[in-house]
Amino acid sequence: MQRGSRELVDRAFTGVGLVSIVLLAAALLTLLGPIVLRGLGAFVFRGTVEHRRVLLEQFGRGDTEEVQRELAAARAAREPVYDMIAAFEREMKQAGPAERRAMGESLDGLKAALRELLGPLPGDPDPPLLRLRFGQTRWDRALVKLQSVLWREQYDYSDPTVMGRKVLVPRADEFRGTALEPLFDRLPAELEAMLRPRWTVYWGFLFDRSRDAHFFGGIWAELLGTVYLTVGAVLFAVPMGVASAIYLVEYAREDSRPVRLLRTCISTLAGVPSIVFGLFGLAFFINTLHVSSSKSVLAGSLTLAILILPLVIRSAEEALRAVPHTYKEASLSLGAGRWRTVATVILPAALPGILTGVVISMGRAAGETAPIIFTAAVSVGQPLALWEVFSRPTPALPWNIYNLCSEHQAVDEIRHVQYGMVLTLVALVLLLNSAAIFIRARISGRLRG
Amino acid sequence: MQGIISRAWLAGLAVMAAAGAAGAEGSGPTEIVIDGSTTVGPIAKAFAEYYMKEHPGVSITISESGSGNGAKSLINGVCQIAAMSRFMHDTEVKAAVEKQILPVPHAVAIDGIALVVHPGNPVKDLKLEQIRDIYAGRITNWSQVGGPNTKIVVIGRESNSGTFESFQLLVMKGEKTGPSVESVGSNGAIRQRVQSTPAAIGYVGLGFVDRTVKPLMVNGVSCERQAVMTGRYPVCRPLFLFTSGYPELGSHLHALVTLHLHKKGQEIVEALGYVPLTDY
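Top line first, the protein sequences correspond to chains A and B.
In terms of this note's numbering, the first sequence opens at residue 1 and continues consecutively.
In terms of this note's numbering, the second sequence opens at residue 1 and continues consecutively.
Keep in mind the hints are simulated off the structure, nothing from the lab.
Treat the hints with care, since some could be wrong.
Residues of chain B placed beyond 10 Å of chain A at every Cβ, according to the derived structure [to be verified]: (1) E92; (2) K94; (3) L128; (4) E129; (5) Q130; (6) E158; (7) Q168; (8) L169; (9) G178; (10) N219; (11) V221; (12) E224; (13) R225; (14) G245; (15) S251.
Straight-line distance between alpha carbons at most 25 Å, and here's what the computed DSS-like set of lysine-lysine pairs gives [claimed, not checked]: (16) K166(A) - K124(B); (17) K53(B) - K264(B); (18) K264(B) - K111(A); (19) K176(B) - K151(B); (20) K166(A) - K151(B); (21) K263(B) - K53(B); (22) K151(B) - K124(B).
Chain A stretches covered by chain B per the calculated footprint, using a threshold of three residues with CB under 8 Å from any CB of chain B [claimed, not checked]: (23) 126-136; (24) 163-170; (25) 210-222; (26) 376-390.
Glycine is no exception: its CB is placed at the ideal position from the N, C-alpha and C atoms.
If we strip away everything but chain A, and leave its shape as in the complex, we get (with noise of 0.2 Å):
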């Protein structure tokens, strides 16, 4: 080739290897955006009067005086829209029937709309849901449920042949002349008076039980419940998985057949489907060996155990091989055995390689799904005490993702919660890698020591 042309190759190369990492880059760039932006938003947000009245009466948080002092103003605010509605209550009764049922309908529709706003209308019984006991506690999804005061979303089906068109009905239209008219003015100016929203940093989210299947409070349960597994499973797969690789380093015969067996064994489970390992972990742990009477945190771990065994051991491997020949030489010749060269020559000096694999293990641990939905986790639980991991099952953060997005009743009005347990966890995975490229910064820094 000529010289010329293999400059040409070789800049065309550099040339696609550059593309790549912009493209990389931004691929990153778009999934981890969305994933923190949206993810803040349910720890950093506007908190309206009712979130903090939530902390105070659900989770005994917050400054009685001071919020009962805000609702007072927030109720005072509040009141012409109530007065409103009474006096238009008043007119409905001199109307004639066939007009009060009309404006009796049109009261519904927007008393209806009103208490997702505001929560429940004074007069109204106690109801008996959580969810409907408060108003919006944030001020976005405020903004979103005046819209639908305002606004009635009626369908034009006047053009047969294709599908209806959407249109925004202004909803004064149906109230015109009567009382409750100044209402669709007031009502916008008013609002952050009837809610006085606040810049809000809500730690809580993390920390508080959920009430009310996540309508209000945080992740706790989840997030216990995913470090429980994660630790679980690692304190079953690290003996197996770091006794195996020494077996298959120091002992075993290399090109033996029965070990050459092994490791493609290790290799194959490897590429076993996660789901596999979920229903093996029912079969298996849960319905044979009866390791607990239902599901549970101590079957999830064993099954997420074997999920993350081949990949101990293949990291253990690696840093067991990497150890000089020279350590275990010399150690054999000052007559240590064979055992005693393992665990106190070449174990020690693997081990930062050894915890570097465990921590990336943990991060996979701590992000599948498949084997614990039919082994551990559960969509709705209380966080558990360190003892009860032995019976009881816990909610967890990738089975309760994806439970919240496809099974929830009223996923649209707590998609915050959704995107706060994606950032929990893509956060929680990130530290833990990010633990492992410290401790392996570490290590080399202490061979080149």
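Let chain A serve as the given structure and place chain B on it in line with the hints.
Leaving out everything else, chain B in the frame of chain A:
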């Protein structure tokens, strides 16, 4: 190095123990596990929330893995309550009895299976036969039932679902659904598919009907409370909580599966959009 690591390990354990202690107050000897239907899920969750608030010592966990899995869990003895949106099959009852588990049904609510379409769809009313034809693949275009000329996107549930089986029984009358029916895993997933697909049709439990989808009338009857309660709406079924034997009187389990008989329970069922069996 080793010292640092073991210290970090100990610190980690200490944090875990503290974390456990922080979350301990909801535990106790009374632990109830509910498994099963995603349709009954909202009722189970709300009952649990209410009951745990009244009895702070009780801890209830809920999995929503489908009626079939709920039955399996009860048979295997890994849950105390199986939430089911259909009755147990004879095979399931037989399997349960063989394991000395006597399934006792507690009907907690009546649920209509709402046929839902995108709110932009002008079709308002379908005959039961038309719905069957749509799901069997004989009607494939909305223009055949009075709508615009658009291919119907048919969404159904997977076979593990109790809602699927009730639908097969009440609408399909034993006929198989066509190959073009897209199966999804939960009520929520159906609603999401339908609200984002103008030409879609799907079916969900009443608790999952909201403003983003439009429930159709069936045979000219809309799925309102009165029509469902009296059975005039043709696609409705009871929702069950199954226990193993009738629970001991005075136990938390008993109180939980009979909560719907109380005024509070009825209000919860109603507020969630289902039809209560009681009338206070």
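Against the structure, the hints come out as follows:
1. The Cβ of E92(B) lies farther than 10 Å from every Cβ of chain A, with a closest approach of about 16 Å, so its non-interface assignment holds.
2. Here K94(B) stays apart from chain A, with its beta-carbon at least about 18 Å from theirs, past the 10 Å limit.
3. For L128(B), the shortest C-beta to C-beta distance to chain A comes to about 23 Å, beyond the 10 Å cut-off, and the non-interface label holds.
4. No beta-carbon of chain A is positioned within 10 Å of the beta-carbon of E129(B); the least distance is around 23 Å.
5. In this structure Q130(B) is separated from chain A by more than 10 Å, as the shortest Cβ-Cβ distance comes to about 18 Å.
6. Residue-level check passed: E158(B) sits 12 Å from the nearest beta carbon of chain A, beyond 10 Å.
7. No Cβ of chain A comes within 10 Å of the Cβ of Q168(B); the nearest lies about 21 Å off, and the non-interface call holds.
8. Every C-beta of chain A lies more than 10 Å from that of L169(B), the closest at about 23 Å, which supports listing it as non-interface.
9. Non-interface call for G178(B) relative to chain A: holds, since the shortest CB-CB distance, roughly 22 Å, exceeds 10 Å.
10. For N219(B), the non-interface assignment is confirmed: its Cβ lies about 21 Å from the closest Cβ of chain A, beyond the 10 Å cut-off.
11. At roughly 20 Å, the least C-beta separation between V221(B) and chain A is larger than 10 Å, which holds for a residue marked as non-interface.
12. A cut-off of 10 Å between C-beta atoms confirms that E224(B) is not in contact with chain A; the least separation is 14 Å.
13. For R225(B), the condition that its CB be more than 10 Å from all CB atoms of chain A holds, with the nearest at approximately 15 Å.
14. The Cβ of G245(B) lies farther than 10 Å from every Cβ of chain A, with a closest approach of about 17 Å, so its non-interface assignment holds.
15. With a closest Cβ-Cβ approach of about 17 Å to chain A, S251(B) is found to remain outside the 10 Å limit, as its non-interface label requires.
16. Distance hint between K166(A) and K124(B) is fulfilled; the C-alpha atoms sit about 16 Å from each other, no more than 25 Å.
17. Taking the CA atoms of K53(B) and K264(B), the gap is near 13 Å; set against the 25 Å cutoff, the hint holds.
18. A hinted pair counts as satisfied when its Cα atoms are at most 25 Å apart, and K264(B) with K111(A) qualifies at roughly 23 Å.
19. Our distance criterion of 25 Å between C-alpha atoms is met by K176(B) and K151(B), whose separation comes to about 20 Å.
20. Pair hint K166(A) plus K151(B) holds up; C-alpha atoms about 20 Å apart against a cutoff of 25 Å.
21. About 17 Å separates the Cα atoms of K263(B) and K53(B), which keeps this hinted pair within 25 Å; it holds.
22. Among the hinted pairs, K151(B) with K124(B) is consistent with the structure: their alpha-carbon atoms are about 17 Å apart, no more than 25 Å.
23. Counting residues of the segment 126-136 of chain A whose C-beta sits closer than 8 Å to any C-beta of chain B gives 5, which meets the bar of three, so the coverage hint holds.
24. For the segment 163-170 of chain A, the proposed coverage by chain B is satisfied: 4 residues have a C-beta within less than 8 Å of a C-beta in that chain, meeting the threshold of three.
25. Check on the segment 210-222 of chain A: 5 of its residues sit with their Cβ under 8 Å from a Cβ of chain B, so the three-residue criterion for coverage holds.
26. A count of 12 residues in the segment 376-390 of chain A with a Cβ less than 8 Å from any Cβ of chain B is obtained; the coverage claim is therefore met, three being the minimum.
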